[in-house]
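If you're matching them up, the sequences are chains B and C in order.
Sequential numbering from 53 applies to the first sequence in this note's numbering.
Sequential numbering from 8 applies to the second sequence in this note's numbering.
Bear in mind the hints are in silico, worked out from the structure with no lab data behind them.
Check the hints yourself; a few may be wrong.
Dumping the calculated DSSO-like pairs for lysine-lysine here, alpha-carbon to alpha-carbon at most 30 Å [said to hold, decoys possible]:
{"no.": "1", "chain 1": "B", "residue 1": "Lys268", "chain 2": "B", "residue 2": "Lys103"}
{"no.": "2", "chain 1": "B", "residue 1": "Lys298", "chain 2": "C", "residue 2": "Lys258"}
{"no.": "3", "chain 1": "B", "residue 1": "Lys103", "chain 2": "C", "residue 2": "Lys176"}
{"no.": "4", "chain 1": "C", "residue 1": "Lys258", "chain 2": "B", "residue 2": "Lys318"}
{"no.": "5", "chain 1": "B", "residue 1": "Lys126", "chain 2": "C", "residue 2": "Lys30"}
{"no.": "6", "chain 1": "C", "residue 1": "Lys176", "chain 2": "B", "residue 2": "Lys330"}
{"no.": "7", "chain 1": "C", "residue 1": "Lys176", "chain 2": "B", "residue 2": "Lys327"}
Some but not every residue of chain C turned toward chain B, in silico, with C-beta under 10 Å [to be verified]:
{"no.": "8", "residue": "Ala40"}
{"no.": "9", "residue": "Val94"}
{"no.": "10", "residue": "Gln105"}
{"no.": "11", "residue": "Leu112"}
{"no.": "12", "residue": "Lys176"}
{"no.": "13", "residue": "Arg218"}
{"no.": "14", "residue": "Ala222"}
{"no.": "15", "residue": "Pro300"}
No experiment lies behind these values; they were computed from the predicted model shown.
Just so you know, even glycine gets a beta-carbon here, dropped at the ideal spot from N, CA and C.
Listed below are the residues making up each chain.
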Amino acid sequence: MNVALKIWRYNGETGERRLQDYEIEAPEWSTLLDVLDLIKDQVDGSLAYRKSCRMMICGSCGMRMDGAAVLACKTRMAEIVDSGHVPVISPMGNLPVLKDLVVDMEPFWAKMRAMQPWLQPGYNEPDEEREFLVSQEQMNVIHKEALCINCGCCVSECNSMESDPEFLGPAALAKGMRFVGDARDAATVERLESYNEEHGIWDCTRCYFCQERCPKGVDPRDAIAKLGAESIRLGVDRDMGAKHAKWFVTSAKTTGWLREEELIPKTQGIVSTVKQVKFAMSLMRHGKARPLPIPHVAEGVREARALYNLVKEQGRDGALGIVQGEHALARIEFTEEGGARRAAPEIQPGVEPPPAEG
Amino acid sequence: METNGFPAKVAYYTGCLATLSAKELDSSTRALAERLGLELDTLESVTCCGAGDIHEAEPDYYVHLNARILAYAEATGAETLMTICNVCTLNLRQANWQLKIDEGLRERVNRNLEAVGVPAYSGGVEVRHLLWLVAEGEGHERLKAAAHRGLKGLRVAPFYGCQILRPSKLMGFEDPDRPWSLEAIIQACGGEPVDYPAKIKCCGFPIIAAREETALGELIQPIEQAIEAGADAMVTPCPLCHLSLDAWQQKLEKATGREFRLPILHLSQLIGVAAGLEDSELKFKRHVVSVQPVLDKLAT
Numbered sequence: 053m054n055v056a057l058k059i060w061r062y063n064g065e066t067g068e069r070r071l072q073d074y075e076i077e078a079p080e081w082s083t084l085l086d087v088l089d090l091i092k093d094q095v096d097g098s099l100a101y102r103k104s105c106r107m108m109i110c111g112s113c114g115m116r117m118d119g120a121a122v123l124a125c126k127t128r129m130a131e132i133v134d135s136g137h138v139p140v141i142s143p144m145g146n147l148p149v150l151k152d153l154v155v156d157m158e159p160f161w162a163k164m165r166a167m168q169p170w171l172q173p174g175y176n177e178p179d180e181e182r183e184f185l186v187s188q189e190q191m192n193v194i195h196k197e198a199l200c201i202n203c204g205c206c207v208s209e210c211n212s213m214e215s216d217p218e219f220l221g222p223a224a225l226a227k228g229m230r231f232v233g234d235a236r237d238a239a240t241v242e243r244l245e246s247y248n249e250e251h252g253i254w255d256c257t258r259c260y261f262c263q264e265r266c267p268k269g270v271d272p273r274d275a276i277a278k279l280g281a282e283s284i285r286l287g288v289d290r291d292m293g294a295k296h297a298k299w300f301v302t303s304a305k306t307t308g309w310l311r312e313e314e315l316i317p318k319t320q321g322i323v324s325t326v327k328q329v330k331f332a333m334s335l336m337r338h339g340k341a342r343p344l345p346i347p348h349v350a351e352g353v354r355e356a357r358a359l360y361n362l363v364k365e366q367g368r369d370g371a372l373g374i375v376q377g378e379h380a381l382a383r384i385e386f387t388e389e390g391g392a393r394r395a396a397p398e399i400q401p402g403v404e405p406p407p408a409e410g
Numbered sequence: 008m009e010t011n012g013f014p015a016k017v018a019y020y021t022g023c024l025a026t027l028s029a030k031e032l033d034s035s036t037r038a039l040a041e042r043l044g045l046e047l048d049t050l051e052s053v054t055c056c057g058a059g060d061i062h063e064a065e066p067d068y069y070v071h072l073n074a075r076i077l078a079y080a081e082a083t084g085a086e087t088l089m090t091i092c093n094v095c096t097l098n099l100r101q102a103n104w105q106l107k108i109d110e111g112l113r114e115r116v117n118r119n120l121e122a123v124g125v126p127a128y129s130g131g132v133e134v135r136h137l138l139w140l141v142a143e144g145e146g147h148e149r150l151k152a153a154a155h156r157g158l159k160g161l162r163v164a165p166f167y168g169c170q171i172l173r174p175s176k177l178m179g180f181e182d183p184d185r186p187w188s189l190e191a192i193i194q195a196c197g198g199e200p201v202d203y204p205a206k207i208k209c210c211g212f213p214i215i216a217a218r219e220e221t222a223l224g225e226l227i228q229p230i231e232q233a234i235e236a237g238a239d240a241m242v243t244p245c246p247l248c249h250l251s252l253d254a255w256q257q258k259l260e261k262a263t264g265r266e267f268r269l270p271i272l273h274l275s276q277l278i279g280v281a282a283g284l285e286d287s288e289l290k291f292k293r294h295v296v297s298v299q300p301v302l303d304k305l306a307t
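Build the full structure now, drawing on both the sequences and the hints.
Structure follows, in structure tokens:
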């Protein structure tokens, strides 16, 4: 098949950037990485990209296709070629570009290191068996997080990191959960204290780009939610993000619906709220807030409260509440109505992919 | 009974905001449903879906709260639970998948529901957003018929928000990187869709209370890009995005020293204007950014 690509070239020494067209004959089974290899071999030896294993294990070949991070070795080209679309290939986002499709992974590794990604078993010696035994059930808690290959695809489109480059981000936080959830680790609370700091867990804006992009099923957003759940379970809940989350639980138990007008004071505290009087007044003028918040009580709130008390007795607090649903969610693709992305109907106004950034 | 994917009756879940700060979303949705011939069976004794916050703070409680909402929806006899909020859509669909696929989980949750007097949930409800009901098939035909007043080529920027696109395997409706549903609706109403890259990105709302600066750094992208692309207004299927885009726009103006004044419409309001809904149903006075420039343009 004849494959056409547009690739963003970048020269780190001169700062020059340009979009270059390539065309090459490639076998039907080719992946994006195979096509890049052919281009480099036959057309343009100066093209730079990372690769190693060619089989979705090493995590080297993360790059963007039409603005979306993919592993080049996992992306088959035949369907794209058949559709007549010419994809735009660019380096991953949220990381500095060194040359062409190669990004500087150092900020990524620095955040990984900040998670202290090694077991800290403390000084507990195992008993006579001379080994720590971990049950399958205990390993299930971190099964998904342990699948991470550090490719950076989840980081590429992280919306919070675009706004706050210091945000630890989905890959590092998923790694954090891999250790927080490990039954052998003794530093759980210390870890959570650290991950709860300014650029940690509560910076996540829940855009779910990480979940969409991860090529290995780690589901980093769910890992971050597990860290939030473990933080609250263990009382590491001083951050405004934790207070915000807890207010929803209080609301559900007391009135059923969110007690919306009290959310900002409950999250930020009174002092910060008072400073925003002008903003609050503007909301009141348009009926979006009331001077005296009278909660809107749902009819069945007694049931919601009883349900809370019942559930709290059943030992599925914290991350376990998320882990219990993971097996089902992993099977969606294999159900009749599940997981299908529908093709657009004939009329496709304004559906050009976002311009790739270099 | 469904006609080409369009149900005669749905269990209508308002969510929190449409009964609180976004009452205009509820009133315009009800009025629009009538014009479309869609019967709404409003769920009265349900609670908040947890908005992702209960999923994070008390995940097991989250599953139960959502199971309870689904159980009451099933009890109405409707096969579709209709949402009008992205966050409700994700939370309910996620819990629904778990309960449908995992029998063991469903049995445990049902035992708990029944213990507190809630009917058991058998897994017979599909959670669908209003957007999906009118983007294709019979619903789209009815929308075209109802939108007789048109939008006179109004340039409208579609803003999808996150949790109706991603995770796409939980949604199963459209390509999360190249969505088309809002564009199709804008066109069917006689408007002109405006394209811009941030239409699939985050409005910052989930962290706007706890991390305002980071959130505003996200919020500015769609507003700035839509204005640059020549939009007269923006439309969103999510009341949380709406609150962020509309009410927090003034904070963005203060932080940047620039004037944006971009009117933000709920999906039901945009279709509602084209369908000639009354002022009392559209309730534009409840918006922080005035919608008057849009109405003036349509009046000429």
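Hint check:
no.	hint	result
1	Lys268/B / Lys103/B	holds, 17 Å
2	Lys298/B / Lys258/C	holds, 26 Å
3	Lys103/B / Lys176/C	holds, 28 Å
4	Lys258/C / Lys318/B	holds, 20 Å
5	Lys126/B / Lys30/C	violated, 46 Å
6	Lys176/C / Lys330/B	violated, 42 Å
7	Lys176/C / Lys327/B	violated, 42 Å
8	Ala40	violated, 21 Å
9	Val94	holds, 9 Å
10	Gln105	holds, 4 Å
11	Leu112	holds, 6 Å
12	Lys176	holds, 4 Å
13	Arg218	holds, 6 Å
14	Ala222	holds, 7 Å
15	Pro300	violated, 17 Å
The earlier numbered hints that this structure contradicts are 5, 6, 7, 8, 15.
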